[in-house]
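Asks: Residues per chain, in single letters:
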Amino acid sequence: MKKLLLSLVLISSVLASTPFAVQAAERASKSKASVEDRAKLVTDGELAQWLVRVLGLSRFLPASPSELECFQILMQNNVSPADGWQKDRTVTMGELARVIVQGLGRQAEVESPDNDASWINFLKEIGIDFGTIGEAVSNLEPLPQPVGPEAIITSTDPLSKLQRINPPDNQQLGADLSTFNRITANPSDFVNAPVTVETLAEVVNQVQRPPDRPDVTPN
Amino acid sequence: MKWTTTAGAFVLAGSILVGVGYAAEESSQSFQIKNRFRVGWNDNVYETEKNTEESFYLVEELEFVLNLDLEQTFLGARYRPTLMLWENREPDDSDFHHEADLIFAHNFTPRLSLSLKETLRIAELPELIDRGVIARENDDYLYNLLDGVLGYKVSDATRLELGGRYTTLQYDNSEVASTDDYDIYAAGVTLRQQLQRETAINVEARMEQIEYDGPDRGSDTLYVGAGLEEIFSPNLVGSVRGGLQRKDFSNSDLGTEDSPYADVSLTYLPSPKTRLSGGLGYSLFESDIFPYANQDRTLAFLTLAHDLTARLQLFLAASYQNSVYHTDESIDGDAASSDGLENLADGDEDVWQLSARSSYKLNRNNYLEAQISLLTFESELREDFDRTRVELGWRTQL
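Order-wise, the sequence lines are chains D and P. Following our numbering, the residues of the first sequence are numbered contiguously, the last one being 219. Following our numbering, the residues of the second sequence are numbered contiguously, the last one being 1398.
The shape of chain D in the complex, shown without the other chains (with noise of 0.2 Å):
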């Protein structure tokens, strides 16, 4: 009971305590970053990591995912470039209009979804106007709905595998799919478990009779 307790208390203080974290660090390497690596064009990769966090997709993914880890949960959330994610190619302002009204979830409202101007201009009519990525990214939210691989996963790797405990009802990419761990954890519960007048009943039974009794030969 103290390890628990000592754990939620560790717990708790480091999600009290790490707005004020990401705020000082902020600050302190802030001024590292040189103007010109800021002015550099944003690829489709560091698009999708941004985007990742932003419509709280990470939970679904390692720590530190690679982009094509990214890509993936993307795309099984239905935000995708018209052809495809590709990870250096810079960024469009279609593009990224694109993107960012599948990440609003409001796609089958695009009059002509095959023409990169009409996402522009529905973000525009919707009131987002966007001159950089930074701008058009801070419409979004979480999705409503998120999917993710969140009850069954294949990865063998021990720094990323997902956990193997899950309460009931934990989603396999939208579908309920319970994480499956049922504890009963030593197979002799079962082996020298109490037999009950009722079990014994039913396995009396079903154990089958002689069709007719033996001849008794006298001696």
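Rather than coming from a laboratory, the hints here were simulated on the basis of the structure. Owing to the predicted nature of the structure, the values given are computational and were not obtained by experimental measurement. Note that the Cβ used here is the ideal one computed from N, Cα and C, for glycine as well. Careful: at least some of the hints might be erroneous.
If you only want the chain P side, here are some residues facing chain D, beta carbon under 10 Å, derived [as the list claims (entries may be wrong)]:
{"no.": "1", "residue": "Thr-1119"}
{"no.": "2", "residue": "Val-1149"}
{"no.": "3", "residue": "Glu-1161"}
{"no.": "4", "residue": "Gly-1163"}
{"no.": "5", "residue": "Ala-1187"}
{"no.": "6", "residue": "Arg-1206"}
{"no.": "7", "residue": "Met-1207"}
{"no.": "8", "residue": "Pro-1234"}
{"no.": "9", "residue": "Tyr-1261"}
{"no.": "10", "residue": "Pro-1272"}
{"no.": "11", "residue": "Ala-1310"}
{"no.": "12", "residue": "Gln-1313"}
{"no.": "13", "residue": "Ala-1318"}
{"no.": "14", "residue": "Arg-1364"}
{"no.": "15", "residue": "Tyr-1367"}
{"no.": "16", "residue": "Glu-1369"}
Once the Cα atoms are required to be at most 20 Å apart in a straight line, the calculated EDC-like pairs of lysine to aspartate or glutamate come out as [to be verified]:
{"no.": "17", "chain 1": "P", "residue 1": "Lys-1153", "chain 2": "D", "residue 2": "Asp-88"}
{"no.": "18", "chain 1": "D", "residue 1": "Lys-161", "chain 2": "P", "residue 2": "Glu-1211"}
{"no.": "19", "chain 1": "D", "residue 1": "Lys-161", "chain 2": "P", "residue 2": "Glu-1118"}
{"no.": "20", "chain 1": "P", "residue 1": "Lys-1153", "chain 2": "D", "residue 2": "Glu-46"}
{"no.": "21", "chain 1": "D", "residue 1": "Lys-124", "chain 2": "D", "residue 2": "Glu-141"}
{"no.": "22", "chain 1": "P", "residue 1": "Lys-1273", "chain 2": "D", "residue 2": "Glu-109"}
{"no.": "23", "chain 1": "P", "residue 1": "Lys-1050", "chain 2": "P", "residue 2": "Glu-1380"}
{"no.": "24", "chain 1": "P", "residue 1": "Lys-1361", "chain 2": "D", "residue 2": "Glu-141"}
Fit chain P to the known structure of chain D by using the hints.
Replies: Below, chain P without anything else, positioned relative to chain D:
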């Protein structure tokens, strides 16, 4: 456990609220409260092979989500308490679960980054009593997982990652805890190389140490392997990893086990309205059953998501797990004998799961949903069972 989890819930919720309050004052942030309410029916509450009991139940899930997105830093926090009430489940007709996730990512420089991920699960699963026999011990538990990765971009095409992970599982019931509590420590290094725009490879080395309480089923495992990530087409992406693992059991009688490990993952979008995902993995894995120290585990899943209309979505998922247990990878001697386990045998377990869920979007913040899920458990070591659950629900974003 009830008072512990309730107290824990207040502490966790308080922590999140402190973070929310601070974030609201100082930063651009998003904060959401979601609610998911379901009415369900379970045809096998006690997960038994015979004399099954069915029950209706209610599930109330609240979810608090906070995202704090700064220029070089991201913080995500999520807390979800879940209350379940059962119409026909003795001796305990309620469960109270807690899930908390915290994600912190910071770029110190454009090349150097740190990611931390904290996962906490506290769940109540009551004792199962079947025909007067305790079929499952009271296994309320606390599960905590802390991940950290330090990444350094050596060049535009090369990235080096150092990772560490600590996992702990602690049961509330002392008898279960004495054999099944564990701590897992893992560390590793990954070198990723972008070969072409569509192709990346990596090489990796991992060390994992498993320590169980009680009789020693622990082990030290070394992994050495490589992986490939490929964008096959705009609609198809996938990855494959594989290598060798050497598991050195702490119990000297069990020696060392060498095995390959591998996993494959694919995502395919056959149309703008349809998404398919699948995966397959095989490795040596920590054991679910005492006194076995290891299982050879194979996992596979296939999922389909389809937008039937702009408002109606259908999700299907199927999964299969096979676990193989060997007597020569189980502890023996006094510990096992005292538990009446002298006659252990090799054995397989198979778990099949199938689930379908449909979700109808009433408006931007409200969804109705219906689902059915089937589970079949077949074991040569434990009691088989089948379970069906049907649910109707309402999900809303406050």
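Asks: Hint by hint, where does the structure go against what was stated? Just the numbers, ascending.
Replies: As far as the earlier hints go, not one is violated by this structure.
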